[in-house]
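Participant: Here is how the chains run, residue by residue.
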Amino acid sequence: MIVVNTGKFSLITIAVGAVVMAFSHWVNVDYLYFASYTILQFIVLATAWNILGGYCGYVNFGSAAFFAMGAYSSVFMHKFFPVPIPVLIVIGALVSGIAGLGMGYLTLRLRGSFFAIATLALAVVLQTLVVNWDFVGGSRGAYIIRPETLELPGGIEINYIEYLFFLMLSLAVFAIITARTIERSQLGFGFATIRDDEMAAEASGVPTLRVKLIATTISGAFMGMAGAPFPYYIGYLQPSSAFGLEYAVNSIAMPMIGGTTSWIGPLVGAILLGSAQQYATVTISSAVNLLIVGLMLVGFVIIAPNGIVGLVQERLRKWRQP
Amino acid sequence: MTALLHVDNISKRFGGFVALDGIDLEVQPGERLGLIGPNGSGKSTLVNCICGTLQNENGSVQFEGQPLDGLAAHQRTHRGLARSFQLPRPFHSMNLVDNLRVPLLYTVHSRLGPLRSAGDLDSRCLELLEMVGLAAKAKQMPRDLTQVEMRKLELARAVGAEPKLLIADESMAGLSHSEIDDILKLLMRLNERGITIIMIEHIMSAVMSFSQRLAVLVSGKKVADGKPEDVVRDPEVVRAYLGQ
Numbered sequence: 026m027i028v029v030n031t032g033k034f035s036l037i038t039i040a041v042g043a044v045v046m047a048f049s050h051w052v053n054v055d056y057l058y059f060a061s062y063t064i065l066q067f068i069v070l071a072t073a074w075n076i077l078g079g080y081c082g083y084v085n086f087g088s089a090a091f092f093a094m095g096a097y098s099s100v101f102m103h104k105f106f107p108v109p110i111p112v113l114i115v116i117g118a119l120v121s122g123i124a125g126l127g128m129g130y131l132t133l134r135l136r137g138s139f140f141a142i143a144t145l146a147l148a149v150v151l152q153t154l155v156v157n158w159d160f161v162g163g164s165r166g167a168y169i170i171r172p173e174t175l176e177l178p179g180g181i182e183i184n185y186i187e188y189l190f191f192l193m194l195s196l197a198v199f200a201i202i203t204a205r206t207i208e209r210s211q212l213g214f215g216f217a218t219i220r221d222d223e224m225a226a227e228a229s230g231v232p233t234l235r236v237k238l239i240a241t242t243i244s245g246a247f248m249g250m251a252g253a254p255f256p257y258y259i260g261y262l263q264p265s266s267a268f269g270l271e272y273a274v275n276s277i278a279m280p281m282i283g284g285t286t287s288w289i290g291p292l293v294g295a296i297l298l299g300s301a302q303q304y305a306t307v308t309i310s311s312a313v314n315l316l317i318v319g320l321m322l323v324g325f326v327i328i329a330p331n332g333i334v335g336l337v338q339e340r341l342r343k344w345r346q347p
Numbered sequence: 371m372t373a374l375l376h377v378d379n380i381s382k383r384f385g386g387f388v389a390l391d392g393i394d395l396e397v398q399p400g401e402r403l404g405l406i407g408p409n410g411s412g413k414s415t416l417v418n419c420i421c422g423t424l425q426n427e428n429g430s431v432q433f434e435g436q437p438l439d440g441l442a443a444h445q446r447t448h449r450g451l452a453r454s455f456q457l458p459r460p461f462h463s464m465n466l467v468d469n470l471r472v473p474l475l476y477t478v479h480s481r482l483g484p485l486r487s488a489g490d491l492d493s494r495c496l497e498l499l500e501m502v503g504l505a506a507k508a509k510q511m512p513r514d515l516t517q518v519e520m521r522k523l524e525l526a527r528a529v530g531a532e533p534k535l536l537i538a539d540e541s542m543a544g545l546s547h548s549e550i551d552d553i554l555k556l557l558m559r560l561n562e563r564g565i566t567i568i569m570i571e572h573i574m575s576a577v578m579s580f581s582q583r584l585a586v587l588v589s590g591k592k593v594a595d596g597k598p599e600d601v602v603r604d605p606e607v608v609r610a611y612l613g614q
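Just so you know, the protein sequences line up as chains D and Y, in that order.
26 is the number of the first residue of the first sequence in our numbering; add one for each residue after it.
371 is the number of the first residue of the second sequence in our numbering; add one for each residue after it.
There could be a bad hint or two in this list.
Unchecked claim - Within a straight-line C-alpha distance of at most 30 Å, the following computed DSS-like cross-link-like pairs (lysine-lysine) qualify: (1) Y:Lys534 with Y:Lys555; (2) Y:Lys509 with Y:Lys534; (3) Y:Lys597 with Y:Lys534; (4) Y:Lys509 with D:Lys343; (5) D:Lys343 with Y:Lys507; (6) Y:Lys555 with Y:Lys507; (7) Y:Lys509 with Y:Lys555; (8) D:Lys33 with Y:Lys509; (9) Y:Lys534 with Y:Lys507.
Stated by the list, open to error - If you only want the chain D side, here are some residues facing chain Y, beta carbon under 10 Å, derived: (10) Phe214; (11) Asp221; (12) Ala226; (13) Ala228; (14) Gly230; (15) Pro232; (16) Leu234; (17) Arg235; (18) Thr286; (19) Ile289.
Because the hints were derived from the structure by calculation, they are not lab data.
Please read these numbers as outputs of a predicted model, since none were measured by experiment.
From the three backbone atoms N, C-alpha and C, an ideal C-beta is built for every residue, glycine too.
Construct all of the structure, not just a fragment, from the sequences and the given hints.
Facilitator: Take a look at the structure:
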């Protein structure tokens, strides 16, 4: 097997991102930006979910809450003190990261399905809070008028959706590099010991609580980053769309379908499911989305419980040792 | 000489059931102690209280003169207390080398600072595997191992944390005679290297040949502690094992 070190991997990933950006700029179709933005957003969400769910084995049903916290912190800042979107992404990361740390501290003593239920409860509590918070629009929702273009220093004007696309692409690249780096590091080993056996991990000297808190914080922060530009993308943000079921379901389904043990699983799953959903939205109807996810999830759980990556690895192993 | 491990009057209850009732125990540096007792007598609970998996309600545990009370299990491992589990608990998703990498990364690293390069780490993992005779299976997964190999892996992982005191919790249950001899030799070699060992075991021949001293637990109480040959003749021990 070819082992690529972290530095090289980062350069390759950034290069791939640059190629995608250049290609999109060359095609320059607004719809393509809109559709790809959603897929990229799911790459970030799925990768973030996988850091806690895949690496550590703690299933988080509350992804929508972290995503919405990122989105609503942008709405808040938009009304309170407007700043550029990259700054909003940092703010979203901070808010959701801190929320992740807090949630972890409160719920990580729970295991298995109890942890999953607690995260679901968090989403419900937060949604109720936002619905009743008038400043960010309450249940009415909040309008954010997206400018047509963005003026760069030097007088160059670029399409605003292209700008959003670029930001989300950068985030996806950043998320993938982070996940891959963690996988190969001491922290990655710690995460895997928690997934396998927490008691044995403690006995080997792994500070399990601290390691789990690091996972919830990083995972939450990335979900917040994915949510921060969302109000600018969608234009009108209401609680039911920010806390939508599709975020919680997709961020679980995508890594599961792709494979949860490595960075490539969520990427494959997000591209596959995300594209299928975009295709269905255009050709059939947008309501078919979750049906597709559900059917694919059921199918993959039966055919390939370790996801596409697991399936491929297994085939390779059989092929190498006949 | 101060004791390496000093257990002072510890008690543990599970609801109304008293699992440990005022246990005192001392272990000297370099000693080989056998800990025996009928099923349900509290041996594993005692180990769990010493290692921090459970927290005792009364009394205290001291290691090298320092109290361990309130410390989490991983902190005690960092101080030099390692254990193997009664039922092997390998990290299923990692191959054998990576299984041993965990205590090296998390315990030895944190104790010495990041002194080891990746190459050092690899060679140290292989050394540990060689010690238990599993070097040929370095890249295999725990599920490919036999029962005795699994127990050897369990011991190797505990030794990987470079402990001063090793607690081997029934590492021989269910093994054949030759396999038991394998594990015994391994434990003796570790002891010769200066690791103090507490062995918890049901197999009397193994306990008698290994231990310099024997302690007996019955219903959460320590009923005997002394030279193995004296302890097995102790009327109270005989009564506990054979009934009246």
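Participant: Each hint should be assessed against the structure and marked as holding or not.
Facilitator: Now for the hints, and whether the structure bears them out:
no.: 1; hint: Y:Lys534 with Y:Lys555; result: 18 Å, holds
no.: 2; hint: Y:Lys509 with Y:Lys534; result: 28 Å, holds
no.: 3; hint: Y:Lys597 with Y:Lys534; result: 23 Å, holds
no.: 4; hint: Y:Lys509 with D:Lys343; result: 16 Å, holds
no.: 5; hint: D:Lys343 with Y:Lys507; result: 19 Å, holds
no.: 6; hint: Y:Lys555 with Y:Lys507; result: 20 Å, holds
no.: 7; hint: Y:Lys509 with Y:Lys555; result: 25 Å, holds
no.: 8; hint: D:Lys33 with Y:Lys509; result: 25 Å, holds
no.: 9; hint: Y:Lys534 with Y:Lys507; result: 27 Å, holds
no.: 10; hint: Phe214; result: 6 Å, holds
no.: 11; hint: Asp221; result: 4 Å, holds
no.: 12; hint: Ala226; result: 7 Å, holds
no.: 13; hint: Ala228; result: 6 Å, holds
no.: 14; hint: Gly230; result: 3 Å, holds
no.: 15; hint: Pro232; result: 5 Å, holds
no.: 16; hint: Leu234; result: 8 Å, holds
no.: 17; hint: Arg235; result: 9 Å, holds
no.: 18; hint: Thr286; result: 7 Å, holds
no.: 19; hint: Ile289; result: 16 Å, violated
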